[in-house]
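Protein sequence lines, in the order shown, are assigned to chains A and B. So the numbering used here is basically just the index in the first sequence, starting at one, shifted up by 463. So the numbering used here is basically just the index in the second sequence, starting at one, shifted up by 463.
Keep in mind that a hint or two might mislead.
Keeping only pairs whose Cα atoms sit at most 27 Å apart, straight-line, the calculated BS3-like set for lysine-lysine is [said to hold, decoys possible]:
| no. | chain 1 | residue 1 | chain 2 | residue 2 |
| --- | --- | --- | --- | --- |
| 1 | A | 958 | A | 660 |
| 2 | A | 502 | B | 480 |
| 3 | A | 577 | A | 562 |
| 4 | B | 467 | B | 480 |
| 5 | A | 577 | A | 838 |
| 6 | B | 838 | B | 577 |
| 7 | A | 480 | B | 480 |
| 8 | B | 838 | B | 579 |
| 9 | A | 502 | A | 579 |
| 10 | A | 957 | A | 660 |
| 11 | B | 577 | A | 480 |
| 12 | A | 480 | B | 579 |
| 13 | B | 660 | B | 958 |
| 14 | B | 502 | A | 480 |
| 15 | A | 502 | A | 480 |
| 16 | B | 958 | B | 913 |
| 17 | A | 660 | A | 788 |
| 18 | B | 600 | B | 660 |
| 19 | B | 502 | A | 913 |
| 20 | B | 579 | B | 562 |
| 21 | B | 480 | A | 579 |
| 22 | A | 577 | B | 480 |
| 23 | B | 577 | B | 562 |
| 24 | B | 600 | B | 579 |
| 25 | A | 913 | A | 788 |
| 26 | B | 577 | A | 502 |
| 27 | B | 660 | B | 957 |
Since the hints were made in silico from the structure, they are not lab data. Being a predicted model, the structure only gives us computed values, none of them experimental.
2 protein chains.
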Amino acid sequence: MDSKCQAYFTELLGIVKTVGDLQSTASLLEWDQETYMPKGAMDSRSRQVSTLSSLAHEIFIRDRTGELLEMLSGTDGESVGFQESLIRVTQRDFSRARKLSPELVGCIAETTSKAKSTWIHAYNENDFGNFADDLEKIVDLCLQKAEAIGYEEHPYDALLDEYEPDMTSAQVTSLFEDLRASLIPMVQAIQESSSPKHEYLHLSYDGDIQWDFGMEILRDIGFDFQRGRQDMSAHPFSTSFSVNDVRITTRVNERNLVSGLFSSLHEAGHGMYEQGIDAELDGTLLAQGTSLGIHESQSRLWENQVGRSFPFWTCYYRDLQQRFKSQLGNVSLNDFYHSINRVHPSPVRVDADEVTYNLHIMLRFEIEMRLIEQKLSVRELPELWMDTMQDYLGIQPENDTQGVLQDIHWALGAIGYFPTYAIGNLMSAQIFSCAQNAIPDLHDQIAMGKFHPLRQWLQVNIFQWGRKMSATQILERLTGGGITASPWLEYIRKKYSVIYGTLP
Amino acid sequence: MDSKCQAYFTELLGIVKTVGDLQSTASLLEWDQETYMPKGAMDSRSRQVSTLSSLAHEIFIRDRTGELLEMLSGTDGESVGFQESLIRVTQRDFSRARKLSPELVGCIAETTSKAKSTWIHAYNENDFGNFADDLEKIVDLCLQKAEAIGYEEHPYDALLDEYEPDMTSAQVTSLFEDLRASLIPMVQAIQESSSPKHEYLHLSYDGDIQWDFGMEILRDIGFDFQRGRQDMSAHPFSTSFSVNDVRITTRVNERNLVSGLFSSLHEAGHGMYEQGIDAELDGTLLAQGTSLGIHESQSRLWENQVGRSFPFWTCYYRDLQQRFKSQLGNVSLNDFYHSINRVHPSPVRVDADEVTYNLHIMLRFEIEMRLIEQKLSVRELPELWMDTMQDYLGIQPENDTQGVLQDIHWALGAIGYFPTYAIGNLMSAQIFSCAQNAIPDLHDQIAMGKFHPLRQWLQVNIFQWGRKMSATQILERLTGGGITASPWLEYIRKKYSVIYGTLP
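Okay, chain A solo, but in the shape it has when bound:
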């Protein structure tokens, strides 16, 4: 880069860091809202978040940003150098942001802000009709957004691209078809086998003891408490304000021994990814997970491939048993392992087991596609939901609160987001399988409570890159190909055959 370009780059970096600081601070406002903020502060907090987000957007999309990008353009599209990557990623975000008119952005913010309240009310009152008008508007706004951003094949692609760059709805459709074809017979076979005992997981388990156990595990797996912390919130989440300040939250249910722990492991998976991003990228657009799918692959890997594995409990079960002698004294390691891996079709996604989870996502993806294709009216949603649940999982929710109303995502305008959960599941198996190849005694390491080799491998191959490498590049580099369902299906088939007998 010549000295003139260097000056342009320095100016661009200044803009990007200012925008980054505003966005990180908006995230702190949101973290505080969910953890410590007094209830009475809600209105002023909403205004503060909105002010910071708007200001970040306004500063980012100024003409000057475009001019600088123009003068710096022409760099290598695959380079992982700091400057080249930052220019490429900034160009991508800038171009998306500029395509949305301030009117459309304002309209989306206003509609989703209202829809969020309407949804909470509809959810609590089991009243889909009350939410339908807002959802219709949101679908319409998402269509407008897709048109503004542009797409080659399908308007859904423009929406999906926000969360999973490089991926198209055609790819997702094909991937999900493969998955469904294998998964439905597998779930049916499991249903026909005898279910492991699990009632003892729902005795009374002291919350403080659960918390302490979870915190020790987080330390063991390598979540860095010098550069992060865990707090309580109603809905677990992870967020970061810098690579040196990553916050995760969990909840503790005294009537469910493992739900809090698996939430902690899940969020710590997200958190360790953020903590592992190269410090050089801090404060820029590069210091983020490269796609929601890759992000979710990390949370699911620690939650499922590690946390729900036999080796993991070989290491930790005796300790857990000591902490809860009266409840677990007579439960063997093997029984415990089976109970935490019980497959049981249920209506609510966030309660779903590892096997049926992806079916919940496919259902949502199909509905979103039909809505965006305008082949389905919002009013027909509850019925279609019930029917598809029956087809996929053999059950029907008792009401809309347990059905079509269960997730807040659509109220927030997030159409195109759900597929990334399933994509993350699939990627987690691809990535874990590569890690196993690289660390042949990985399971033995886990059984000894040694997580450093795995974390170090993830650090080198995924964490450090931030957005310098795309999801496609990361997968290509590790597997020589793209996303596929077979490693996940193989993992599931192998694991659950042990518990339920041979699966199709």
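Starting from the structure of chain A, add chain B where the hints point.
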């Protein structure tokens, strides 16, 4: 206001609220830094605070703000109407802010940022020499700042004006002379009397029990936990992000029964002031305490006039005794009251009792005046400190850490700030005396744990106004005059004569 002016006002309000949101959010960054932030995040946090503060400053001092103020000027200087007050206060802040060149602002930020680290090191190592260079620069920058802002009589006035508008160094000097003349003989007389027992305050007192006791008292006095909260931090402070989100912190010392509680009462006094500001002012420059003196009067009123009073402990002592039976079982209410009001000259300001506290402030004010008058070199400071402590309090600190290095204020560039602590003490007595006139059975109310009448009186006469009324206006309205030392001296003489025998 005609419709044109109304449009200007709306635009001004938009600017002011954006600036307010940025400042409030910077305060959240700072609150989080002192309470929950992981240690490793310090560097990125400093950058974020700096980005938000600079952006707030930059947006505020834009030409457009000046143009709008110009077009809206000519409103009544004493009005307490929302629009008139906002224009007046914004004009004041804008005019101060514009007088400081970006170069000077940058230079102050950079120097104090460095000085803060140097001070921490010097404080820990008892090495004033290490801090002297930075302090010299800070004095020089404060002089430049005073010249840029301008003053009528004394450069110190320009600095004091930032914290205590309308007050001059001549007034402070005269006030402090009166105070000193009465206070020094009083302290000497107390020194010659026998000191109350107090050793039992330093037995071991469980921290959780202390915390719970303090929380109950905060609820009783009326700190609103729907719109605020208390947390732990190394140094107690209060801050607010909106009138509906006021945060206070305290610390608990297991070897000191009352220091945590009095910190809580002190910060709750600040906090209730912020919570009581009229909600209409929220998010604007009006939603702040009107001066640091008035602010401190509220914290000291709840800490001392209420919290260290006999009626207060008539209400709470039995409860405290129940919580700490083994430590307090044999201590009478009267003895306890005497022990928490023990007067004992000591080198450290934050540990000072109510009587000697103001002498610590006078010492600092004299030194600041001489520094600003360039009659004292920074190198001569430690010696002057020792000598003046001897004159005022009859003691000398063992070292500079307990002496000239004890406070962080100068490292932060806050010359002109200290007098507001003593001003607050004096005002607290003036204000409490007015409250007593208005509520004749105030002491009986407090003895019954009824704080509502006092809080309501403060709400009506002080809290609600925010910056709509100046400190001068508030005092004038309540007392018919300005700040004087006599109500405070009278309060001290009366209270401490009961404990130590008749005082001069």
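### Task
Please work out if residue 480 (chain B) and residue 579 (chain A) have their alpha carbons no farther apart than 27 Å.
Since the Cα atoms of residue 480 (chain B) and residue 579 (chain A) sit roughly 24 Å apart, the hinted pair holds (cutoff 27 Å).
### Query
Is residue 502 (chain B) within 27 Å of residue 913 (chain A), Cα to Cα?
Holds, at about 26 Å.
#### Entry: Given hint residue 579 (chain B) paired with residue 600 (chain B) - CA-CA distance at most 27 Å
13 Å, holds
### Task
Starting from residue 660 (chain B), check that the Cα of residue 957 (chain B) is at most 27 Å away, please.
21 Å, holds
### Message
Check whether the Cα positions of residue 660 (chain A) and residue 788 (chain A) lie no farther apart than 27 Å.
### Response
Since the Cα atoms of residue 660 (chain A) and residue 788 (chain A) sit roughly 18 Å apart, the hinted pair holds (cutoff 27 Å).
### Message
Please verify whether residue 502 (chain B) and residue 480 (chain A) have alpha carbons no more than 27 Å apart.
### Response
Distance of about 21 Å is within 27 Å: holds.
### Hint consistency between residue 577 (chain A) and residue 480 (chain B) [alpha-carbon to alpha-carbon, up to 27 Å]
Judged against 27 Å, a Cα distance of about 22 Å means the pair holds.
### Query
Is residue 957 (chain A) close enough to residue 660 (chain A), meaning Cα to Cα at most 27 Å?
21 Å, holds
### Query
residue 600 (chain B) and residue 660 (chain B): Cα distance at most 27 Å?
46 Å, violated
### Query
Is the hinted pair residue 480 (chain A) and residue 579 (chain B) satisfied, with a Cα-Cα distance of at most 27 Å?
24 Å, holds
### Task
Measure nothing beyond the straight line between the CA atoms of residue 577 (chain B) and residue 480 (chain A); if it is 27 Å or shorter, mark the hint as holding.
22 Å, holds
### Agreement of residue 958 (chain B) and residue 913 (chain B) with the hint, judged by alpha carbon distance not exceeding 27 Å
Judged against 27 Å, a Cα distance of about 21 Å means the pair holds.
Of the hints listed earlier, those the structure fails to meet are numbers 15, 18, 26, in rising order.
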